[in-house]
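Participant: Protein sequence lines, in the order shown, are assigned to chains A and B. The numbering of the first sequence is our numbering, which starts it at 1 and goes up by one. The numbering of the second sequence is our numbering, which starts it at 1 and goes up by one.
Treat the hints as calculated values from the structure; they're not laboratory data. Don't be surprised by glycine CBs; every beta carbon is placed ideally from N, CA and C. Please note that the accuracy of each hint is not assured.
Pairwise CB distance ranges (calculated) [to be verified]:
1. A:Ala337 to B:Ser81: 27 to 37 Å
2. B:Asn86 to A:Ala337: 38 to 48 Å
3. B:Leu39 to A:Asn330: 32 to 42 Å
4. A:Thr338 to B:Asp38: 25 to 35 Å
5. A:Lys258 to B:Arg58: 51 to 61 Å
Which chain A residues face chain B? A few, computed with CB under 10 Å, are given here [to be verified]:
6. Leu69
7. Ile261
8. Arg262
9. Ser263
10. Leu294
11. Ala298
Cβ-to-Cβ under 10 Å is the rule here; a few derived chain B residues that face chain A [stated by the list, open to error]:
12. Val10
13. Gly22
14. Ile26
15. Ser31
16. Val67
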Amino acid sequence: MKDSSAYVSTEPAAVTTNTCRNVYGVYGIALDSEIPLPLPRHERGELARIELRTAPAPFFCDVRGSISLDQRVGSWYEFGRLPDRSSYARWTGVGEFLVSSDGRRIICRQFDMATRESFNVYLLGQALSFALVKSGFEPLHATVVVVSGEAVAFLGESGYGKSSLAASFLDSGHQLLTDDLLILRASAGRVLGYPGPPRLKLFRKTAYRFVGGAASGVPMNPETEKLILPLEGHRICSVPVPVKAFYSLAGPREVFRKWDIRSEPLSPRQAFLELVKNTFNRRILDADRLQRMLDQTASLASLVPVRKLSFPRVWNQLPSIRETIISDLNRQALQAAT
Amino acid sequence: MHLSEETRIVSSQQHVWCNLDGGAAILDLKSGIYYGLDLVGVRIWNLVQWPRTLSELRDILIIEYDVDAVRLESDIRDLLSELADNQLVEISG
């Protein structure tokens, strides 16, 4: 068995060092990548810099051979940790990734059967989250829109309606800040949210209804009907903006079809738990990370209001839900001004 | 659970915690369960971050809170028993 730490502590011969590299900006970080990505070129001040390199199958075969993999029954996701604390992750039919212990480098391989779009979703979401957490960030699982220059973040499990609600906001002229992964930075008593990749994952029906069709969408993976939809420049916000509010969406089974739309403020304790439930990456669980996660989440709960949003899952209600949220925000702005 | 005057109590190493809204949230690293403490609970929790005897805890808290000594000791015992049941503190002696 090989010493797995050799793969990340030194420059492995198998990792390509393509001179044709680009630096992209996403989540406030500079991503120095040798594969082309559908991201804007890096322009602004960065929170961190992460290298993205590729390696062929034999390199990853050696990595896999040197660790025990953790795979939950029925899951298409495998995870392993190397002795030097670098992390290996693999999604069946998509690709595999090795993230260095300090989070500054990701080595990746796209599987032949995966589309570039699908690979990019996992690369810029799940895989990148390992690098971000190792770099000291605490990403949240959220879909975020921009209303009057401020970010409004929707929290909730997959299938709770985050993306559909965001699509409804886009339909009325608002912009998307990020879909899935949200990076935050607190500064001078406010919290900034950073822009993610310019795309939204939507079910085909929602895409037809709200964002002008699904023609440009590519299936995310064989297990879901969701499409990955690239968004045009006017639909995305490409600069960091202050976060105005979080909305934790009630699950579809918690709300009956005939119920009214309800938006209720959460106490700091309830807000803390809702935010903790939506932290990104449950695989890095060392005490230092969990302590940081608790501290940052408690701080976030004290700085930004969190509300619980319950609404019936009826298509024609989405504009009313959007208006409820906008009324909340206007009221919040009024209270802040008086 | 029997706690004598000289029983020593200290928080376990298997948790992380933070202050929250006047109280505290504790995450048990083994089980992944979150626990909440109120203001008085946090004071006791802070004290047992270092080993303390039951009598030391009682002597400190009786000065800080306007409470009957018997009631105070009963409340301390209840909280410590609950913390010990959830393996958030270690009890020796």
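Participant: Of the hints stated earlier, which fail here?
Facilitator: 1, 6, 7, 8, 9, 12, 15 and 16
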